[in-house]
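Line by line, the protein sequences give chains Y and W. This note's numbering numbers the first residue of the first sequence as 1 and each following residue consecutively. This note's numbering numbers the first residue of the second sequence as 1 and each following residue consecutively.
Hints should not be assumed to be uniformly reliable.
To be clear about the criterion: a stretch of chain Y counts as covered by chain W if any three or more of its residues have a C-beta under 8 Å from a C-beta of chain W, and this derived list gives those stretches [said to hold, decoys possible]:
| hint | stretch |
| --- | --- |
| 1 | 44 to 53 |
| 2 | 78 to 89 |
| 3 | 103 to 109 |
Here are the in silico distance ranges between beta carbons for each label pair [what the hints assert, rightly or not]:
| hint | chain 1 | residue 1 | chain 2 | residue 2 | range |
| --- | --- | --- | --- | --- | --- |
| 4 | Y | P12 | W | P12 | 22 to 32 Å |
| 5 | W | G54 | Y | D13 | 28 to 38 Å |
| 6 | W | G86 | Y | R19 | 23 to 33 Å |
| 7 | Y | I105 | W | I52 | 23 to 33 Å |
| 8 | Y | E102 | W | M28 | 20 to 30 Å |
| 9 | Y | T24 | W | S106 | 32 to 42 Å |
| 10 | Y | D87 | W | A81 | 40 to 50 Å |
| 11 | W | P53 | Y | A35 | 35 to 45 Å |
| 12 | W | S106 | Y | N90 | 31 to 41 Å |
Partial selection, computed: residues in chain W whose CB lies under 7 Å from chain Y [what the hints assert, rightly or not]:
| hint | residue |
| --- | --- |
| 13 | R19 |
| 14 | D23 |
| 15 | M28 |
| 16 | L32 |
| 17 | A35 |
| 18 | G47 |
| 19 | G50 |
| 20 | I52 |
| 21 | G54 |
| 22 | T93 |
| 23 | I94 |
| 24 | V97 |
| 25 | Q99 |
| 26 | F100 |
| 27 | I105 |
| 28 | G109 |
For the record, the hints were derived by calculation from the structure and aren't laboratory data. Each residue gets a CB set at the ideal place from its N, CA and C atoms; glycine is no exception.
2 protein chains.
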Amino acid sequence: MIKISILYPNTPDSRFDMRYYVDTHMPMSIELLSAHPGFKGVTVEHGISGAIPGSEPAYIAMCHFLFDSPEDFMDAFTPHAAALQGDMPNYTTIEPVIQFNEVVISIAG
Amino acid sequence: MIKISILYPNTPDSRFDMRYYVDTHMPMSIELLSAHPGFKGVTVEHGISGAIPGSEPAYIAMCHFLFDSPEDFMDAFTPHAAALQGDMPNYTTIEPVIQFNEVVISIAG
Chain Y
1 MIKISILYPN TPDSRFDMRY YVDTHMPMSI ELLSAHPGFK GVTVEHGISG
51 AIPGSEPAYI AMCHFLFDSP EDFMDAFTPH AAALQGDMPN YTTIEPVIQF
101 NEVVISIAG
Chain W
1 MIKISILYPN TPDSRFDMRY YVDTHMPMSI ELLSAHPGFK GVTVEHGISG
51 AIPGSEPAYI AMCHFLFDSP EDFMDAFTPH AAALQGDMPN YTTIEPVIQF
101 NEVVISIAG
């Protein structure tokens, strides 16, 4: 299984509309991408602090999509790339860090 | 639910022993932290590329712990902090980015 991580750096003077991201952008993104059979899950997080309580988090928001393979993600994403990327100015001016990961351990408590 | 993300930047000239991390450090970490009732899960990933296939990932490895609250994580971690942090030189010279997140969306596919 692979995880696509989309990390929004918590940069001063940048704009990030958490309400739009969580209530509008991510539901649209999940609806479009979860239609693919390789979709295995998604989480969205709001950064609250760094390691020290009260410090600024490195990332204001993170999103992690689980898919069977990188190819499955690309198959799911490519037809909707223009719509999803075109919606980004509606919630942020931040350029996200994006990376593909291989999931090597996954345990539910 | 909260997620503690521990991200290891993929920096040139740094050392990261993925085998030791996945086979020794993380199993020890999971055994110690999962004993707390607030533990809700953990994932470990190996960065394979950036957004563009074949490009370098920003992070060589990521670990995400799920707990009911930041206090639960601190209660679970603090008694073992010396052992876990003391084991880090056995697999890396990298200083990880650590942050606390609130999980706002979580969907299994």
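Hints versus structure:
Chain W is given as covering the stretch 44 to 53 of chain Y, and this holds because 9 residues of the stretch bring a CB closer than 8 Å to a CB of that chain, at least three being needed. Coverage of the stretch 78 to 89 of chain Y by chain W is violated. Counting CB-CB distances below 8 Å, 0 residues qualify, and the rule asks for three or more. Here's how the stretch 103 to 109 of chain Y fares: 7 of its residues keep a CB closer than 8 Å to some CB of chain W, so the rule of at least three is met and the hint holds. Here the CB-CB span from Y/P12 to W/P12 is close to 27 Å, well matched to the stated 22 to 32 Å.
W/G54 and Y/D13 have their C-beta atoms about 33 Å apart, which keeps the hinted 28 to 38 Å range intact. A C-beta distance of roughly 42 Å is found between W/G86 and Y/R19, which places it outside the suggested range of 23 to 33 Å. Restraint check, Y/I105 to W/I52: a C-beta distance of roughly 26 Å satisfies the suggested window 23 to 33 Å. Evaluation of the 20 to 30 Å hint for Y/E102 and W/M28 yields a pass: the beta carbon distance comes to about 21 Å.
Roughly 18 Å separates the CB atoms of Y/T24 and W/S106, a value that falls outside the hinted 32 to 42 Å. In this structure, Y/D87 and W/A81 meet the distance hint of 40 to 50 Å, their C-beta atoms being roughly 42 Å apart. A hinted range of 35 to 45 Å for the beta carbons of W/P53 and Y/A35 is inconsistent with their spacing of about 23 Å. At about 23 Å, the CB distance of W/S106 to Y/N90 disagrees with the hint of 31 to 41 Å.
At its closest, the beta carbon of W/R19 sits 11 Å from a beta carbon of chain Y; the interface hint therefore is violated under the 7 Å criterion. At a threshold of 7 Å, the smallest CB-CB gap from W/D23 to chain Y is about 10 Å, leaving the interface hint violated. Hint on W/M28 is violated. Least Cβ distance to chain Y is approximately 12 Å, over the 7 Å limit. Given hint, W/L32 at the interface with chain Y, is violated; its Cβ is 13 Å from that chain's nearest Cβ, farther than 7 Å.
Interface restraint check for W/A35: the shortest CB-CB distance to chain Y comes to about 10 Å, outside 7 Å, so the restraint is violated. Nearest Cβ of chain Y to the Cβ of W/G47: about 5 Å, under the 7 Å cut. The hint holds. For W/G50, the shortest C-beta to C-beta distance to chain Y is roughly 5 Å, which falls under 7 Å, so the interface hint holds. For W/I52, the suggested interface contact is broken, since its CB lies about 9 Å from the closest CB of chain Y, more than 7 Å.
Because the beta carbon of W/G54 sits about 10 Å from the nearest beta carbon in chain Y, more than 7 Å, this interface hint is broken. Because the smallest distance between the Cβ of W/T93 and any Cβ of chain Y comes to about 18 Å, over 7 Å, the interface hint for this residue is violated. Of the supplied interface hints, the one on W/I94 is violated, with its beta-carbon coming no nearer than about 14 Å to a beta-carbon of chain Y, more than 7 Å. For W/V97, the suggested interface contact is upheld, since its CB lies about 5 Å from the closest CB of chain Y, less than 7 Å.
Satisfaction of the interface hint for W/Q99 is found here, the shortest Cβ-Cβ separation to chain Y being roughly 4 Å, below the 7 Å cut-off. With a cut of 7 Å, the hint placing W/F100 at the interface with chain Y holds, because the nearest CB-to-CB distance is about 5 Å. Because the smallest distance between the Cβ of W/I105 and any Cβ of chain Y comes to about 4 Å, under 7 Å, the interface hint for this residue holds. A cut of 7 Å between beta carbons decides the hint on W/G109: the least distance to chain Y is about 4 Å, and the hint holds.
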